[in-house]
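Undergrad: Each of the two chains sits in its own frame; use the hints to bring them together as a complex.
So you can see what is in the structure, the chains are spelled out below.
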Amino acid sequence: MIDKKWIGHELPASVLPIERSRLQFFAKAVGETDPVYTDAVAARNAGYADLPAPPTFLFAAELDSGAAFRLIEDLQIPIAKLLHGEQSFSYHRPACVGDTVTVRSTISDVYDKKNGALEFVVKTSRAVNQRDELVAELRSVLVCRH
Amino acid sequence: MNLPTFATVQVGDELPALQLPPVDRTTLALFAGASGDHNPIHIDIDIDVARRAGMPDVFAQGMLGMAWLARVITAWVPQSRLRRFDARFQGITHLGNAIHCSGRVLEKLDLDGEHCVRIELKSANQFGQIKIVGEALVALP
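First to last, the sequence lines map onto chains A and B. Letter by letter, the first sequence follows residues 3 to 148 in my numbering. Letter by letter, the second sequence follows residues 83 to 223 in my numbering.
With the rest of the complex left out, here is chain B (with noise of 0.2 Å):
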């Protein structure tokens, strides 16, 4: 791995995105296992939780979103180099969706006495809807 530096690193610069397979019913039962997050409405379509909220169907965790996203992040640089990453939920990620993740250095600052980089980052479906918007500091050498 090629680790990008804040010297190197320049306003701009597009982080490798990441391509996620369409939302499937299976990914949706794993992640709820492997969070904890048991809700019903994203994994049981039977006791009609999604219907009741007015979804068509069950639809994918706002934390797997997360979770793809902050892929981006820790594929760039190693995750203790991660300070801080926020994620505003935009849209709903339904089955079908094929949701792309990237990242842009939008600042190059010094915090704390550290080299730092604030990373715009955001995911959207195949349709260009976008699903996260996000933001992340990452601490460079």
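If we strip away everything but chain A, and leave its shape as in the complex, we get (with noise of 0.2 Å):
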């Protein structure tokens, strides 16, 4: 059983600077092909900074610092056991190249159901940018399947 000790435990800080060949990456490999996505020229006429992150990116936060696996490894789920049962953004402002993400989330809840057959672990996260305005919310539903 995942210890309900760690809900309220707050992750380490996970920072991401939004950067242009990585962002291009990631156009490429969900099959994005508006330029919005890879031409800042394109970006910028329609009225961003530069090329915007898409939706779904700010998750790679806690991937690239490790603080997604090793909150895995603390709670002690095994990989194989591990699914992803929900995620949800709520988002306040755009984040561009040239922007620098910090992500810090805590631990909201520890649940099981089906008399421990199926343990969920939700995780909450802000997202600022370097001047510490709100970029985006984030919540995670991790489900450890017995």
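Hints are not guaranteed to be accurate.
As the list claims (entries may be wrong) - In silico DSBU-like pairs for lysine-lysine, Cα to Cα no more than 35 Å straight-line:
#1 A/Lys6 - B/Lys204
#2 A/Lys115 - A/Lys83
#3 A/Lys116 - B/Lys204
#4 A/Lys115 - B/Lys204
No lab work stands behind these hints, which were simulated from the structure alone. Quick caveat: nothing in here was measured; it's all calculated off a predicted structure.
TA: Written as structure tokens, this is what we have:
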């Protein structure tokens, strides 16, 4: 069982610089062909300061930093039993190339269903830019399937 | 791009759908690198994590499916209009699955002083098996 003591646990901050080549790589990986996501001129014409991070990109912050994997280890969830159950984003302002986003997460809930056959971990996060302006809020539900 | 407006959009309207090619290993490897999700379960059958998880082979990252679903929204309105995006991962996307992403206007509402629409989103493979159900909140002029 995942110990409920983890409720309230704060993950170390993850700092994600928004970089042009990474966004172009991400666009390629997801098949995105809209030039707003690959061409700075198209992005500026669309009203962005530079290429915008696409809607799900900020999830990379805690993967790049290793915080996401460290959490799974801390919670002692075997990787083979781990599923991503839900993911939410609330958007407050764009993050564009040149911005640096910092994501800070808290474990907001740990619970189980079906007499422990399924365990759930809820992580809520705030992403701010280099001016400490709120960029997005994230919520992840991780599932450990026994 | 003919931008939708609050006045012209009606409940029940379908957003232009997105059809993806069948998932292959290259796509999963590229997304692993681009997204930062280096979990071998999605890219490496040799170290056997996927099989130990009871999966016949590597399978797609959930966030790849969510990124595809996001493309339905951003092809319809500029991303700066997106206020909220939620996904529930309901099924594993296997190699060879050709994912179809669709969206439909569920509700028109005013929220925080903005005209908004709530969009129901769904992705399914070529056999009609649901992979993700989601919702987006979009502000319209």
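Undergrad: Compare the structure with each hint and give your call.
TA: Status of the hints after comparison with the structure:
no.: 1; hint: A/Lys6 - B/Lys204; in the structure: holds (33 Å)
no.: 2; hint: A/Lys115 - A/Lys83; in the structure: holds (15 Å)
no.: 3; hint: A/Lys116 - B/Lys204; in the structure: holds (26 Å)
no.: 4; hint: A/Lys115 - B/Lys204; in the structure: holds (25 Å)
The earlier numbered hints are all upheld by this structure, with none contradicted.
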